[in-house]
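What follows is each chain in one-letter form.
Protein chains: 2
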Amino acid sequence: MSMIEPSLIQAIHTHNHILCISHVNPDGDAYGSLLGMGWILHHLGKQVVLAMHDQTSKEFQLLPGAHQIIAPNAVADHYDLIVFLDASSRDRVGSVYQENRHQGIPVAVIDHHVTNTYFGDINWVRPDCAATCQMLVYLADALQVPLTGALAECLLTGIVTDTLCFRTSNTTAEVLEAAMHLIRGGADLATITQRTLNQRSLGVLKLWGMVLSELHFEEGVIWALISREQLKTAGDLSGDGQLSSMLITALEADISATFTEKIDEKGLSAVECSFRAKPGFNVATVALELGGGGHPAASGCTLPGTLAEVTTKVLPALKQVRAIYANQ
Amino acid sequence: MSMIEPSLIQAIHTHNHILCISHVNPDGDAYGSLLGMGWILHHLGKQVVLAMHDQTSKEFQLLPGAHQIIAPNAVADHYDLIVFLDASSRDRVGSVYQENRHQGIPVAVIDHHVTNTYFGDINWVRPDCAATCQMLVYLADALQVPLTGALAECLLTGIVTDTLCFRTSNTTAEVLEAAMHLIRGGADLATITQRTLNQRSLGVLKLWGMVLSELHFEEGVIWALISREQLKTAGDLSGDGQLSSMLITALEADISATFTEKIDEKGLSAVECSFRAKPGFNVATVALELGGGGHPAASGCTLPGTLAEVTTKVLPALKQVRAIYANQ
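Chains as they are written, first to last, in the numbering used here: chain A, 257 to 584; chain B, 257 to 584.
Certain hints may be false.
Because identical chains cannot be distinguished in the list, a pair is counted as satisfied if it fits within a single copy or across any two copies.
Stated by the list, open to error - Lysine-lysine pairs mimicking DSSO-like chemistry, simulated, CA-CA at most 30 Å apart:
| hint | residue 1 | residue 2 |
| --- | --- | --- |
| 1 | Lys302 | Lys522 |
| 2 | Lys518 | Lys314 |
| 3 | Lys302 | Lys534 |
| 4 | Lys518 | Lys534 |
| 5 | Lys575 | Lys302 |
| 6 | Lys569 | Lys302 |
| 7 | Lys314 | Lys534 |
| 8 | Lys462 | Lys534 |
Think of the hints as simulated: they come from the structure by calculation, not from any bench.
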């Protein structure tokens, strides 16, 4: 609690007309921190405007305040302060922030990403926090804003989604403590988990069925192919890493991969590759060498070609990297 | 913390040769609480014996102290005190406790099940706790035993497994607080989650594939059939409710069911039915009427007959109960 940037507290106290924005392709922590900051500033009697590049996705429309988020074209020029939430760099917020219109307005950054570029006039960056919403628990506390009602619900949503309900490896005792305060303040953990993590369409379950019935396993590597035809029956699954995460739960596997057939911007066949590794193994380098990125335990890349072409190229690399770590 | 049965504290202080036992078909809370109690009593300098009806299953053999659990035939006659952990009734512990041999020895019961029959001389039953291991956090605290090392690891294992890593609806702020203390004491949440909830055999994933590719959905009820042949390819899955829990995540479904074909003790065909319901729906009554039991959100029963016979009987009942709640 003692690690809050003092200039941030001062900026909040001395400014009255505040624009809050979060990142494109927003997740639960983007919505939770944007709305949470809105409720904090509202409690302090500030005039606050919330804006987002994307339209609010269905699963977050029920969050208190979500209908007040405005689109880029409704954003004005004159604010006292602009607060970036959960955004690691300026270009992560899309068209909401416009250099030419907003230059000169002080910018405060509140973010937990280790990759943050410190692009604000005030930068409060806490990579030790599992979610930006966790930081806002400390901020609300410092500003003596009670962690109850709508605020508690928004902040717990961000913590639950960013930690996959306390399952990610950065779930510290402090994360549980923050969540505990929010539940005591009235946030309903079961409802939030149900709404954000425990929902998928029947089509997605059927796709999982098709994919899991045709699993491949060789030399410690488990993988699955997802064709465009299969995807069509399931609806859009873009960016869904759940299948890849499910494959790596196989006891026998050290590395997992899913290969999803796509059509790229030029109308050509491409394959989205998603890799996962057990502790002690590393899939970051494979993805990096293929032009992608990520972490040792989870990485990915997109390659041109058919499913057959891409797997012929990628699988030997995965088996090789698995062998190296297995023999260490 | 103030709600600990004072006679339990006194019994622990005044007895020195203590037998601890837990229930048959042990889960993470059975192992966690048995071993946790062992570590608490060990810290207090007691002579303690841990016994279990079943052999220690593979996933819990790594728990500190697990190799010291003895089998029923190694249990002696003479103890000062017998502590039942996580067992709702005397017959839940199998052959470890023998009426004729152990009669006269005082029995203490520590359990969180609402169905507990209060069969001990001392009964500390806390249905408000999500796990017996959560109760032992309070007990250790009251006995001034530090929540560190092996004790912390065992207790966090029980809390994580009984709440499916904080996803069950009885995950209160107090559950998170207890877990927070254990993590601060050195227990590794990520490792425990990985070891207990995020592991399954390749065969199980393949079975999920077969089952999910043949999903049925009618009138708000989603269901799947698991034949003995399919089970054979996947290995033993008895008591595994994960598939049923996965089905109820389907957005379109209000009630889910899995029907698993078995051979009963008499060699006849039987079907294990596992039901789940979304909030606002109730599958407890259906299971109860069919001779089973459970909660509004999760229940089950076992019925004689083939898959076809049992589903013909059960599905109309599920659809009917779904319609009643949907129209409320």
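How the hints compare with the structure:
1. Lys302 / Lys522: neither (45 Å within a copy, 73 Å between copies)
2. Lys518 / Lys314: within (23 Å within a copy, 41 Å between copies)
3. Lys302 / Lys534: neither (47 Å within a copy, 40 Å between copies)
4. Lys518 / Lys534: within (27 Å within a copy, 34 Å between copies)
5. Lys575 / Lys302: This pair counts as neither: shortest intra-copy Cα distance 55 Å, inter-copy 51 Å.
6. Lys569 / Lys302: Result: close neither inside a copy nor across copies, 55 Å intra and 61 Å inter.
7. Lys314 / Lys534: Classified as between: cross-chain Cα gap 19 Å, same-chain 33 Å, threshold 30 Å.
8. Lys462 / Lys534: both (26 Å within a copy, 20 Å between copies)
Violated hints, in rising order: 1, 3, 5, 6; the structure is consistent with all others.
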